[in-house]
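Student: Below are the chains, spelled out letter by letter.
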Amino acid sequence: MTPLGFFEIVGFGERGWGPALLLATGVTLAVAVCGFLVGSVLGALAAAAKLSGLRLAAAIGDFYTTVLRGIPDLLVIYLFYFGGSLALTNIGRMLGYDGFLGLPVFVTGALAIGVVNGAYQAEVFRGAYLSLSKGELEAARSVGMSRFLMFRRIVVPQVMRYAIPGLGNVWQLALKESALISVIGLVELLRQAQIGAGSTRQPFYFFLAAAILYLALTTISTIAFQKAENRAMRGVRRAG
Amino acid sequence: MDLAFMGRTFLTLIEGVPLLLELAGLSLSIGAVFALLLATMRLSGVGVLDWTAQSYIFVFRGTPLLVQIFLIYYGLGQFRPALQEVGLWWFFREPFYCAVFALTLNTAAYAAEIFRGGLLSVPHGQIEAAKACGMSRLQRFRRITLPIAVRQALPAYGNEIILMVKATSLASVITLMEVTGLAHRLIAQSFRAVEVFVVAGAIYLFINFAVTRAILVIEWRLSPHLRQAPEGEAPMKPAPAHARGA
Chain A
1 MTPLGFFEIV GFGERGWGPA LLLATGVTLA VAVCGFLVGS VLGALAAAAK LSGLRLAAAI
61 GDFYTTVLRG IPDLLVIYLF YFGGSLALTN IGRMLGYDGF LGLPVFVTGA LAIGVVNGAY
121 QAEVFRGAYL SLSKGELEAA RSVGMSRFLM FRRIVVPQVM RYAIPGLGNV WQLALKESAL
181 ISVIGLVELL RQAQIGAGST RQPFYFFLAA AILYLALTTI STIAFQKAEN RAMRGVRRAG
Chain B
1 MDLAFMGRTF LTLIEGVPLL LELAGLSLSI GAVFALLLAT MRLSGVGVLD WTAQSYIFVF
61 RGTPLLVQIF LIYYGLGQFR PALQEVGLWW FFREPFYCAV FALTLNTAAY AAEIFRGGLL
121 SVPHGQIEAA KACGMSRLQR FRRITLPIAV RQALPAYGNE IILMVKATSL ASVITLMEVT
181 GLAHRLIAQS FRAVEVFVVA GAIYLFINFA VTRAILVIEW RLSPHLRQAP EGEAPMKPAP
241 AHARGA
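Keeping their order, the protein sequence lines are chains A and B. Under the numbering used here, the first residue of the first sequence is numbered 1, with each subsequent residue one higher. Under the numbering used here, the first residue of the second sequence is numbered 1, with each subsequent residue one higher.
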């Protein structure tokens, strides 16, 4: 076979890898979104723990955010990949099943991204909470809102507003971190590019295509978060 | 947890630290020079230069580092004959050079924006004052702009250093046996993921803790004028040596 040019490789023709690469982009997006959502839950919990004023909870929250932001993502992915299957196999043994049990790589990947992302989101949420005006919280209390009602009506809407720019950055981290999931074999965009590179011996074209697709994802995200920020801030008067 | 096993693990993993420091140190120092160039291009006011630097930063910050590493290490292999012809193959054949190259290009993009922020934060009045004193452009840059910009950019650059320490772990994917690479091999051999993870994680945390401390010390030293004078000292003291540009 004659070697293909770049546009034949990424194209949708008979020998093109376009459909496969687009599908893999979808997987990348899916695993990043799942990881981001897991991270939102963990991040909100960790932020609440750090702000709770309870010493033990704050210490646990601090430990979580410091450790997970200080070690490489790849290490966390290996821990979840090897450690997860080990734990599952042990649990299976306790329940009387002797074979090997493993989590699907998609779940492993989403959890690993989520745990790391949560540590960053915790800081974003904490910062956003601290920028709430004290007077508003006091006002809510003085009109007799319960803690929950105050949280729902006053805290959440404003924290979401202030957190958008930070969350945008953290989302980009999740998107880029998802490329690391390729090392444990999930066929997302980078893995698909590797597969294509291996079978056509034209690695440059495949990784270039992957880079362009990642760039498209991050660019669209930037625009979307900018739109969201503008919308959320439409009621806020700004200088200038 | 098996402490004897963790001790052995520590001894194995610590052997990866020199490579880690080499990768991070080399790429950070070459990257910083490149970043300063990019930042000046961004601020030059020359359309073409600004646009070039902006596109570079956009591409390198918008794609995952691992893709950049693969593009350089595996991707350029596609052009092996051409690279051999121009005498660059010895460079792109080595995973170590490729890793340093990719990390350098990547950190330069992030650091350029940090430096740009620092340079922009220099108060206009200070530059004006320097001009009024008759300092030349170079003197102004060396005595006024650079010290203030460095101080402003330092906290953000400290974060970038930590990100780079963590990023060196990706070199293990192209066969370089630094700490994460060794940890991966150990986990695959022993299947004791938690113990190996704890030890490897502790090594990274220690390095990053040291970096954070060092940055704090440098920051403290660079901002004597922002600290309150110690009690009982004369209110007016000669400016510290570096503020006089000595």
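Treat the hints with care, as some may be off.
[Claimed, not checked] Computed from the model, here is a short list of chain B residues facing chain A with C-beta under 7 Å:
1) P64
2) L66
3) K166
4) A193
5) V198
6) A200
7) N208
[Unchecked claim] A few chain B positions that, by computed beta-carbon distances, are all more than 10 Å from chain A:
8) T63
9) T180
10) A214
Treat the hints as calculated values from the structure; they're not laboratory data. Source: prediction; values computed, not measured. Ideal Cβ positions, reconstructed from N, Cα and C, are used throughout, including at glycine.
Student: Each hint needs a verdict: does it hold in this structure or not?
Tutor: Cross-check of the supplied hints:
Satisfaction of the interface hint for B/P64 is found here, the shortest Cβ-Cβ separation to chain A being roughly 4 Å, below the 7 Å cut-off. A cut of 7 Å between beta carbons decides the hint on B/L66: the least distance to chain A is about 5 Å, and the hint holds. Interface hint status for B/K166: upheld, as the beta-carbon distance to the closest one in chain A is roughly 4 Å, under 7 Å. Against a cut-off of 7 Å between C-beta atoms, the interface hint on B/A193 holds, since the closest Cβ of chain A lies about 4 Å away.
Interface restraint check: B/V198 against chain A, minimum CB-CB distance 9 Å, threshold 7 Å, status violated. Taken as an interface hint, B/A200 checks out: its beta carbon lies about 6 Å from the nearest beta carbon of chain A, inside 7 Å. With a least beta-carbon distance of about 5 Å to chain A, the hint placing B/N208 at the interface is held under the 7 Å criterion. Distance check for B/T63 against chain A: the nearest CB is about 5 Å away, which does not clear 10 Å, and the non-interface claim fails.
The claim that B/T180 lies off the interface is violated: its Cβ sits roughly 5 Å from the closest Cβ of chain A, which falls inside the 10 Å cut-off. Listed as outside the interface, B/A214 is consistent with that label: its C-beta sits roughly 15 Å from the nearest C-beta of chain A, beyond the 10 Å cut-off.
This entry does not satisfy hints 5, 8 and 9, going by the numbered hints stated previously.
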